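Listed in order, the protein sequences are those of chains E and X. In this text, residue positions in the first sequence follow the working numbering: the first is 1, and each later residue adds one. In this text, residue positions in the second sequence follow the working numbering: the first is 1, and each later residue adds one.
Careful, some of the hints might be misleading.
[Said to hold, decoys possible] Straight-line Cα separation of at most 27 Å, DSSO-like style, residue types lysine-lysine; simulated pairs:
1) X:K62 <-> X:K85
2) X:K275 <-> X:K374
3) E:K191 <-> X:K215
4) X:K14 <-> X:K277
5) E:K191 <-> X:K218
6) X:K143 <-> X:K177
7) E:K191 <-> E:K106
8) X:K14 <-> E:K197
9) E:K191 <-> X:K277
10) X:K215 <-> E:K197
11) X:K14 <-> X:K62
12) X:K383 <-> E:K191
13) X:K130 <-> X:K149
14) E:K197 <-> X:K218
15) E:K84 <-> E:K197
16) X:K215 <-> X:K130
17) X:K215 <-> X:K149
18) X:K177 <-> X:K277
19) X:K277 <-> X:K383
If you are wondering where the hints come from, they were derived from the structure by calculation, not from laboratory data. Everything numeric in this text was worked out from a predicted model, so none of it was measured.
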Amino acid sequence: MNIVVLTKLVPDLVEELAIDASGAALDLAFARWIINEFDDHALEQGILLKERGGGTVIVVAPDLDGADDVLFTAAAKGADRLIKIKGDFIAANNHALARTLTAIIKELQADLVLTGVQAHNDLDGSVGPMLAECLQLPYVGYVSGVSINDGKSAIRKEYPGGLLAEMEVTLPAVLGIQAAEQPPRYVAVSKVRQAMKDFHIEEQDASDLDPGGAPEVGRMFQPEAASHAEMLTGEPAEVAEKLVNLFKELGVL
Amino acid sequence: MNATEVTERSFYAKVLEATPSGERLKLCLECGNCSGICPFGYLMAYPPSRMIAMLRADRFDKLLETDTIWMCVSCYACTAVCPSKVPLTFGLMTSIKEELIVAGNVPAELHTALQNSQRYGNPQGESPRKRADWAAGIQPEVKVLGKTKQPVDVLWFVGDYASYHPRVQSATKALAKILNALGVDFGILGPEENSDGDSQRLAGERGLFEMLAEKNGKMFGRYQFGRIITTDPHAYNAIKNEYPRLGISYPVQHYTEFLMERIGQLKPLLKREVKAKVTYHDPCYLGRANEVFDQPRALLEAIPGLELVEMAHHHTNSLCCGGGGGGMWLDGFQWEKAHVRLSEWRVREAMSAGANVLAVACPYETPRFEDAAKTMPGAEQLKVRDIAELLAEAMGV
Chain E
1 MNIVVLTKLV
11 PDLVEELAID
21 ASGAALDLAF
31 ARWIINEFDD
41 HALEQGILLK
51 ERGGGTVIVV
61 APDLDGADDV
71 LFTAAAKGAD
81 RLIKIKGDFI
91 AANNHALART
101 LTAIIKELQA
111 DLVLTGVQAH
121 NDLDGSVGPM
131 LAECLQLPYV
141 GYVSGVSIND
151 GKSAIRKEYP
161 GGLLAEMEVT
171 LPAVLGIQAA
181 EQPPRYVAVS
191 KVRQAMKDFH
201 IEEQDASDLD
211 PGGAPEVGRM
221 FQPEAASHAE
231 MLTGEPAEVA
241 EKLVNLFKEL
251 GVL
Chain X
1 MNATEVTERS
11 FYAKVLEATP
21 SGERLKLCLE
31 CGNCSGICPF
41 GYLMAYPPSR
51 MIAMLRADRF
61 DKLLETDTIW
71 MCVSCYACTA
81 VCPSKVPLTF
91 GLMTSIKEEL
101 IVAGNVPAEL
111 HTALQNSQRY
121 GNPQGESPRK
131 RADWAAGIQP
141 EVKVLGKTKQ
151 PVDVLWFVGD
161 YASYHPRVQS
171 ATKALAKILN
181 ALGVDFGILG
191 PEENSDGDSQ
201 RLAGERGLFE
211 MLAEKNGKMF
221 GRYQFGRIIT
231 TDPHAYNAIK
241 NEYPRLGISY
251 PVQHYTEFLM
261 ERIGQLKPLL
271 KREVKAKVTY
281 HDPCYLGRAN
291 EVFDQPRALL
301 EAIPGLELVE
311 MAHHHTNSLC
321 CGGGGGGMWL
331 DGFQWEKAHV
341 RLSEWRVREA
351 MSAGANVLAV
361 ACPYETPRFE
371 DAAKTMPGAE
381 QLKVRDIAEL
391 LAEAMGV
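So here's chain E without its partners, still in its complex pose (with noise of 0.2 Å):
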């Protein structure tokens, strides 16, 4: 049993956002990149489904700096294989880095295939459904608890309204984890110090990474304050009468 975990790196939003002076990308020269937060319930999903019914847990992640922190958290948390894909993945969109782990998930023989659901960056869409039509695969996304029995995994899927939809999907097939079974586990800094002396990250070189497919960004923006607030302004007494008087106005007095 293969379970293979796709990581993205995002921009870190605790640091401000810039736009680059093409005014359509982000300014990405000094980010700092994160795991994208729903990869890392796709991981703790991932590591929970071994716990339980055994296998081993592939991790891939692509080359932005803090890549080799997350995979080796990951292998403290109970990842069995890291793999690092070369590339130039600061502007890479999706659908690039779709094609790219296509050949990639083909040749570790994935019968299981995790993904977050969605990341903040998704300006071309996900990735787990690019994925999974370029790898032919089913493709189940929104899922909130996984369970593998006898080549078939049964699945909870959430819908908005707070629907949930129990399916079974034949295996391999790609999932997009909207949240593990549980929180993502804390893993203790001396554990993910041992697992840098005893884990070898794997490296594998990106295949060209082919944007194409993709929506062109026209501007990008901070958003712009409108003038839509009438702000009242004087003594309380007279903010009051104002607003007695709008209430009037409006018809709700």
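Since the structure of chain E is already known, use the hints to place chain X on it.
Below, chain X without anything else, positioned relative to chain E:
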């Protein structure tokens, strides 16, 4: 290794590793003072003395099955009262927490703070690039050593809450202004400063503590300075007592010690009267753990118009604000268990002492006591002020 597979023998080895006097664990007299003085001992399935009894009975596994160890706020009260000088806080309690952390048994709130400390070098998860933003507008400008690259007399280790917490920043700015008024040649590390790691260590994350200490040690090594001063007693404790064991050795003072050395120069600057009845809260890691009791009081008494009164618990007997040993990041967890806050207890004592100002010298305390006072009827009039704020007010800076 499974948590329950940890044997008593290997746990003793761990305690020995954690503190040089770890072997004293075997000298427990079973007097029970530690469990009696523990502010949350009554809630623990195994308060310190009972823990030792369990260890002796070879029932170590039982200790790892409860989560009440997370009520321990590392206040050092048990250690200070122990007649056999057993290192209860650093040895026993912290080592049990370590076992739980390694086993992944971490309350969710604490998890976030530890993860943030790993990633951003501060438990709040703030941007490391903004660590010196508090200093904007201070004149003369606060030197950030990575920019000025000049030797300074004093490296001021500002710390997490003093750097980022909006309320505590007021005390940080006050101290910067005092240092400027005294003409002290000082600098800060700014974005290159990491959490001192002491509270993470006392919450059981030793690996994280070592990682943070190594990062700070590397930065200390990069610049030239005569000594370190700290705002935070936890940073003071770490740099004074723990960093040297990792090969990072520098002379360090808490800011109250540093200012007391300059009291002759400081006193003539304290021109404005501060008419207030003030009581001083000894921070656990300044007072009880490091026996700095007199300097903070002497600084307060140097302020004209100020009357200093003591609370029922003071000096070695001081109560904890509840923020130590990970308590700062376990408010929800501890509230669920206790339905009481240690900070409220302290605020009540300050009111009983007739004080209108509760003076503090630790960045954890201002927000903790202010929050407590907000929820307590009759405490609205009590102001919580850092000693640096009171000094700055008296100096008119």
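Evaluation of the provided hints:
no.	hint	result
1	X:K62 <-> X:K85	holds (25 Å)
2	X:K275 <-> X:K374	holds (23 Å)
3	E:K191 <-> X:K215	holds (18 Å)
4	X:K14 <-> X:K277	violated (47 Å)
5	E:K191 <-> X:K218	holds (22 Å)
6	X:K143 <-> X:K177	holds (13 Å)
7	E:K191 <-> E:K106	violated (31 Å)
8	X:K14 <-> E:K197	holds (21 Å)
9	E:K191 <-> X:K277	violated (51 Å)
10	X:K215 <-> E:K197	holds (19 Å)
11	X:K14 <-> X:K62	holds (17 Å)
12	X:K383 <-> E:K191	violated (44 Å)
13	X:K130 <-> X:K149	holds (19 Å)
14	E:K197 <-> X:K218	holds (22 Å)
15	E:K84 <-> E:K197	holds (17 Å)
16	X:K215 <-> X:K130	holds (18 Å)
17	X:K215 <-> X:K149	holds (18 Å)
18	X:K177 <-> X:K277	holds (24 Å)
19	X:K277 <-> X:K383	holds (10 Å)
Comparing the model with each numbered hint stated earlier shows that hints 4, 7, 9, 12 do not hold.
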